[in-house]
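Trainee: Residues per chain are reported as follows:
2 protein chains.
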Amino acid sequence: MKPLPGFFAVIPAGGAGQRLWPLSRRDRPKFLLDLSGEGRTLIQQAWDRLAPLAGPGQIEVVTGRAHARPVAAQLEGLDPANLIVEPGPRDSMPAIALAAAITRRRHGDVVLGSFAADHVIHGQDRFAAAVEQAYLAAQEGFIATIGIKPTAPATAYGYIKAGPPLGLVEAPEVRLVEAFEEKPDRATAERHLADGLHRWNAGMFVFKVDVLEAQLRQLHPALADGIGQVADAWDTPRREAVASAVWPSLPRIAFDHAIAEPVAAAGGLATAPGDFDWSDMGDFGSLAGADGRALTLAGGPAPVVQDSSGAVAVSAGGRLVVVFGAPDVVVVDTPDAVLVTSAGRVQEVKGLVGRLEDGGHGQRL
Amino acid sequence: MKPLPGFFAVIPAGGAGQRLWPLSRRDRPKFLLDLSGEGRTLIQQAWDRLAPLAGPGQIEVVTGRAHARPVAAQLEGLDPANLIVEPGPRDSMPAIALAAAITRRRHGDVVLGSFAADHVIHGQDRFAAAVEQAYLAAQEGFIATIGIKPTAPATAYGYIKAGPPLGLVEAPEVRLVEAFEEKPDRATAERHLADGLHRWNAGMFVFKVDVLEAQLRQLHPALADGIGQVADAWDTPRREAVASAVWPSLPRIAFDHAIAEPVAAAGGLATAPGDFDWSDMGDFGSLAGADGRALTLAGGPAPVVQDSSGAVAVSAGGRLVVVFGAPDVVVVDTPDAVLVTSAGRVQEVKGLVGRLEDGGHGQRL
Chain R
274 MKPLPGFFAV
284 IPAGGAGQRL
294 WPLSRRDRPK
304 FLLDLSGEGR
314 TLIQQAWDRL
324 APLAGPGQIE
334 VVTGRAHARP
344 VAAQLEGLDP
354 ANLIVEPGPR
364 DSMPAIALAA
374 AITRRRHGDV
384 VLGSFAADHV
394 IHGQDRFAAA
404 VEQAYLAAQE
414 GFIATIGIKP
424 TAPATAYGYI
434 KAGPPLGLVE
444 APEVRLVEAF
454 EEKPDRATAE
464 RHLADGLHRW
474 NAGMFVFKVD
484 VLEAQLRQLH
494 PALADGIGQV
504 ADAWDTPRRE
514 AVASAVWPSL
524 PRIAFDHAIA
534 EPVAAAGGLA
544 TAPGDFDWSD
554 MGDFGSLAGA
564 DGRALTLAGG
574 PAPVVQDSSG
584 AVAVSAGGRL
594 VVVFGAPDVV
604 VVDTPDAVLV
614 TSAGRVQEVK
624 GLVGRLEDGG
634 HGQRL
Chain H
274 MKPLPGFFAV
284 IPAGGAGQRL
294 WPLSRRDRPK
304 FLLDLSGEGR
314 TLIQQAWDRL
324 APLAGPGQIE
334 VVTGRAHARP
344 VAAQLEGLDP
354 ANLIVEPGPR
364 DSMPAIALAA
374 AITRRRHGDV
384 VLGSFAADHV
394 IHGQDRFAAA
404 VEQAYLAAQE
414 GFIATIGIKP
424 TAPATAYGYI
434 KAGPPLGLVE
444 APEVRLVEAF
454 EEKPDRATAE
464 RHLADGLHRW
474 NAGMFVFKVD
484 VLEAQLRQLH
494 PALADGIGQV
504 ADAWDTPRRE
514 AVASAVWPSL
524 PRIAFDHAIA
534 EPVAAAGGLA
544 TAPGDFDWSD
554 MGDFGSLAGA
564 DGRALTLAGG
574 PAPVVQDSSG
584 AVAVSAGGRL
594 VVVFGAPDVV
604 VVDTPDAVLV
614 TSAGRVQEVK
624 GLVGRLEDGG
634 HGQRL
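Protein sequences, first through last, are from chains R and H. Just so you know, we're using the working numbering here: the first sequence kicks off at 274 and counts up by one. Just so you know, we're using the working numbering here: the second sequence kicks off at 274 and counts up by one.
So here's chain R without its partners, still in its complex pose:
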């Protein structure tokens, strides 16, 4: 397919992925890892998905200072001007707003799509079709999101409740968003799955850059002002000075809370359905899939898993991992640390990492 006219993409590459420790580390967050065992890291996979949709030189990455060098090394096609290095982590809203503001200053009122650096998607054609529908809705002035059609009553994701169709001729499946909903309990997730109106929030947003700036100015004027100052200075010798002065004062806030929720409430949010396979790789459960799995990520023999239904074994240290008679166990082996936990506890690994930090194991985190 040809690139969508005037379409840019940004990949915010932040977040430590502590729930994937010991695979992910502070200096090697999950987007820099080949967690699906497909030979490309997660950010490389994001790039591969977006390259056919955005034109050459029209993919940007926002990341922290610590990861700028490995990101550049992994993405050979990335124009150095499109590697936007944040002075510090302020969550997703400032990152995306800065990319949008720089893009508008450089390219005018184009459409920008923001896609996570650390998700796994299978079904490129369906992904491209969903992005195109969202792009068409964005051209109509909506902030558009791609909502993933649920395949299970997941409690680990936020949900998007779809309203009536927008009636776009070229994008007939796009609907208004009625609400963004937090991660539900199991019973609510079951209802969401059954009603056909709820979709998983995968954090994919597509918008005209001037629409986003206008919304931001209205909803978060101080933030919009700060972003504007940094963006004005970005392609000048004052970038470093202004960014260092302004960035630390910006609020830490996620795009969902800052923009998606209030704009949805005001009727300005649209959703295109995504029926491709999607995983946010948020924990070892999503890494493994529902049936358990043995993954080999760094050479060496494949894990041997016997008589252990639901177990997950990840070999990332080149050694032989043997799981025997231990159902639902999760084993993650790396060169300097091995984690053994169980499938029901994988969401709690993040807290465990905090305790390991306190316990003096910081050099392995």
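Don't read these hints as lab results, they were simulated from the structure. There may be inaccurate statements among the hints.
Cut-off 25 Å, straight-line C-alpha distance, at most; resulting in silico cross-link-like pairs (SDA-like, lysine to any residue) [what the hints assert, rightly or not]:
#, chain 1, residue 1, chain 2, residue 2
1, H, Lys623, R, Gly583
2, R, Lys456, R, Arg618
3, R, Lys623, H, Ser582
4, R, Lys623, H, Gln579
5, H, Lys623, R, Gly591
6, H, Lys623, R, Ala567
Here the structure of chain R is known, so what remains is to put chain H in place on it, guided by the hints.
Mentor: Chain H alone, transformed into the frame defined by chain R:
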């Protein structure tokens, strides 16, 4: 204490300890490992226990060709003449009979005690007292065994059923043995624990070397004849030729079956009670103790075990082992392999090792 007059000890050092894989390997069986984390390997601990009881130069080791060199390296005090290298593994009866036959030819009708190379004992005074009682019974012509007072209804050990006291003035607690019994089921083990008459068979036997030879000649004349040929040649230039010719024809048989059971049935076996702490280190359950345990055997950080009652974590690769939310899991980490199983399955690791061999993982076994 002074050594017991005319007392020799032999340590049969064989057996792969496959149930302790990946700690134990073919070329590094469990007796060569410091499995209790006390800074001495198991065979060194056996040596340390026996050195005060047998005189200098009166401890012998029988082992296979593959382990002769590391055994000699670990036991600095071992007289090279007392390192008896078997031409091949034939189980415990030929090994002990050969040591006894060589000992009689060198030293006359002394008392020899045979003690495993790979057990852990705490309570040296009580161990020494038990050996002395068995030694006194051996001097009376009995084959004496030390029966460990049970502390739990163990199903992993064979049992010795004690009969009436022998009436030895200096060894009043020594009793006749009524029977050697196989590993019991749980209910039987409960009864054994309750009746006060059953003791664990720890494979410790003490006898006059001529008594053993006479019993062997009566019960297994062909074996006795083969052992005699090898022993006659041992301290001559013909050792290698005779041993190579005769040894492979000897039956593979354990001391328990060949001698202890039939001699007990004939009223010739005595038992001295052992009330020291004893473990045969037969699997990761005995390595850990009842309450679960974290062991560090090769430097590096101690395992972190959180919210995992009954779990066992063994770090033998210098890496950080973290067990979180996985009750009863057993994790054994080594430089080239990690095993994850559960407490109830540790007896089955031996079979697992066989399957790994078939699966092409022989170089890690």
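Trainee: Each hint needs a verdict: does it hold in this structure or not?
Mentor: Structure-based check of all given hints:
1. Taken as a hint, the H:Lys623 and R:Gly583 pair is honoured in the structure, with Cα atoms around 23 Å apart against an allowance of 25 Å.
2. Among the hinted pairs, R:Lys456 with R:Arg618 is consistent with the structure: their alpha-carbon atoms are about 17 Å apart, no more than 25 Å.
3. A hinted pair counts as satisfied when its Cα atoms are at most 25 Å apart, and R:Lys623 with H:Ser582 qualifies at roughly 21 Å.
4. Between the alpha carbons of R:Lys623 and H:Gln579 the distance comes to roughly 14 Å, so the proposed pair stays at or under 25 Å and holds.
5. For the proposed pair H:Lys623 and R:Gly591, the alpha carbon gap of about 24 Å is at most 25 Å, so the pair holds.
6. Between H:Lys623 and R:Ala567, the direct Cα distance comes to roughly 22 Å. Compliance with the 25 Å bound is thereby established for this hinted pair.
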